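Single-letter residue listing:
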Amino acid sequence: MISSILVYGLVNSVILALIAIGFSLTFGISGVANFAYGALYLLSGYLTWMLLKYAGLPLALAVPTTIAIVGLLGFLIYWIILLRVRGIVLSEVIATFALGVGMLEFFRWKGFVTYEFTLPYFKKGMMLIAGVPVDYQRLFIIGIGLALVLFLYFFTHHTRIGWSFRGIAQNERTAISLGIESDWTAALSLAFGSAMAAVAAISILPLGIISINMGYDVLLIAVAVGIVGGLESVPGILVASLILGYAQIITSMYLSAEWMMVVYLAAIVLVLAIKPSGLFGKFKELEERV
Amino acid sequence: MGTTGTKKSLWGRVFLFSLSLALLFGGSVYAAGGSPIVFGVPTALGSIEGRDGWMAIQMAVEEINAKGGVLIGKERRPLKAYSIDTREHEPGIPVHDALTAVEKLVLEKKPHAIVLGAFRSEILMASMDLISKYRLPYICSIAMTPAYQKKIVQQYDKYKYCFRNCLNAIYLVKYLQGVMGFLNEQFGFNKTYLIVQDTLWARATAGGLEKWYEANNWEIAGLDAYPLGASDFSASLIKVRAKKAQVMVPIFDMPQSGILLKQARAMKIPALLCGFISPVAPGDAWEVFEGEVEGMVNFLFEIGPIPVKAVPQSVAFNKNFGKRWGEKARLQLSGHGPGPSYDAVYIMADAITRAGSLDPDAIVSALEKTDMKGVVGRIRFAKDHQVVYGFDPKEAALGIAFQWRRADLRVPVFPEMVAEGKMQLPPYMK
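Quick mapping for you: the protein sequence lines, in order, are chains A and B.
Oh and the first sequence: position 238 is 238 in the working numbering, straight run, nothing missing.
Oh and the second sequence: position 341 is 341 in the working numbering, straight run, nothing missing.
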């Protein structure tokens, strides 16, 4: 049982990290809490399904097409909607949340509610790790999660756009004074965050079924992981994912699967009560010390 | 200008006159037979069970109207059905919202009776007072909790309007017990693991099965309940494998549950899946789940979606459903609800005819005396207003267990009286 907890805890942690990292990236750079994130995740799933089923594209082509389209959509969300309310936090939340609910309910209205919406495994089969059966898709998820973190590190430390991301994230006014275009960078952060939602969806959804309520669940997961780790901190997201991922698996193994969702909610309440900025967050750190 | 205006006015009058004539003497289905008898259908139209049930009801209504409508005394009156989507199958929909939808339908469409009804047992139980308040004869064809019958028996005068013609959890347990006994005899299996959804009917089914397992010396390796919407079952599958369970009994009607099968196959769990996974019942499940359904023994709560030769009405229903809604819809028929929903229209229409009026109490009395042959077999209500299910369709209504063999082959394997093949171990267990 211990080896099962170790292996599946890791898989679960990577799944949480994949889900939360796009949300965190956008928030960390632009300060926008993209509450349409769950809907973008779900849209990616349906879009891939349609490209496979109706357009007859191979998976290798459907995947980059979906990522590109959803990334572009994120970019447009900023320029069309968020640009007008940028800086008014409540309006940003309301605008993105309304957009997200609108997208999710649109899918419900169009009948995307049955069991037939599933994505194929990248590769069927399984292998034993320390005597624990793990299907290849979960191994792919671990690989993709690691690759994404490495990519993010490389991108933010060795490219001009990455530098501008970090500049805006550290101090927007100083960054602007150095010639970094704030809105352009924020729009790109929305695009990157949305594209990451697509990467997460395409990797994780083959394990389950694409259903509307998942859009809401994904948002809850992203927010929960962000709150525990620190919304704007990528290392915080990784640590929080490990904590929550293992806590969930231990809960399901020793209590019951129905308690898994409670782990998120308990973690949110606990962290907000003890350290509102999250484990690695800095936004309210000074206020907390005072 | 003036002339054109006059011409327009003249043509306008001619049009209005023609329209009036058409409305007065035209071919309205209601014109010849008086005002229609209205059936309300408040259910979860987004679920496959609700969707198919509603389609089956429309089919039955069309058939009855094509024969002239429902006979009341000496007059034939047309039938009309109105649906409303309660969305109760979705996670997070409050009971109150679903009840509001039911009451909206009752107040706006003023139905004489309700058919199909609640999808979720929780909504069914909460609807009973509403049904009683409006004195509406009500036949439930999806929700399955046995608590419904208990309440009817306990407060008959208040809840006498409530009936159910689909399988309930008690009968499902009986069928499951039969299959488990067969698996024990045939393959020597005696170790099981239950994975169920956290809803009233599924919990009740699991509870009933647990008692039977204990009484018959089976070892229960575990029981896990998953909330609505859950789609990762790996925690349970790991335990099934670790504890070497031979039979895995899933009991689910949520759309996400189909993936349990895919996950079990991906993790190569060496246990026979035998229970109810709603998305695995339709004929297109083989394609949807990429052949991973092979070998699974799934229940069809009521026959019809799979025709059973011993019940000709089930064969006719299946064929006619395909003609009315297309081959794809026929292939996608869910394993619970369509047959009883279709029958419910005929049961209610028959009761109205025998009652000779639309008086709710008279209809209830007539419903209690129902004895007819329908899609699901012989239909009779017990004293608790539940249709009796059994193993012989000449004596009772029928549910079956079938096994997936090939892309186009679902073989009824239980009850033995109507079985069209023998249960086999799936390739991964041989």
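In case anyone wonders, no lab produced these hints; they're calculated from the structure.
Being a predicted model, the structure only gives us computed values, none of them experimental.
Backbone N, C-alpha and C fix where the C-beta goes; we use that ideal spot for every residue, glycine too.
Please note that a few of the clues may not be correct.
Lysine-lysine pairs mimicking DSBU-like chemistry, simulated, CA-CA at most 35 Å apart [as the list claims (entries may be wrong)]: (1) 53(A) - 328(B); (2) 394(B) - 211(B); (3) 124(A) - 430(B); (4) 323(B) - 110(A); (5) 383(B) - 309(B); (6) 124(A) - 244(B); (7) 160(B) - 373(B); (8) 123(A) - 309(B); (9) 110(A) - 430(B); (10) 109(B) - 124(A); (11) 53(A) - 211(B); (12) 110(A) - 383(B); (13) 430(B) - 104(B).
Here are the computed distance ranges between Cβ atoms for each label pair [claimed, not checked]: (14) 219(B) - 124(A): 23 to 33 Å; (15) 371(B) - 255(A): 20 to 30 Å; (16) 191(B) - 170(A): 38 to 48 Å; (17) 191(B) - 254(A): 34 to 44 Å; (18) 324(B) - 128(A): 16 to 26 Å; (19) 105(A) - 242(B): 52 to 62 Å; (20) 111(A) - 323(B): 19 to 29 Å.
Derived list of chain B stretches under chain A, where covered just means 3 residues or more per stretch with a C-beta under 8 Å from a C-beta of chain A [stated by the list, open to error]: (21) 63 to 72; (22) 106 to 118; (23) 213 to 226.
Compare the structure with the hints numbered earlier in the document and write down the numbers of the violated ones, lowest to highest.
-> 8, 9, 10, 11, 12, 13, 15, 16, 17, 18, 19, 21, 22
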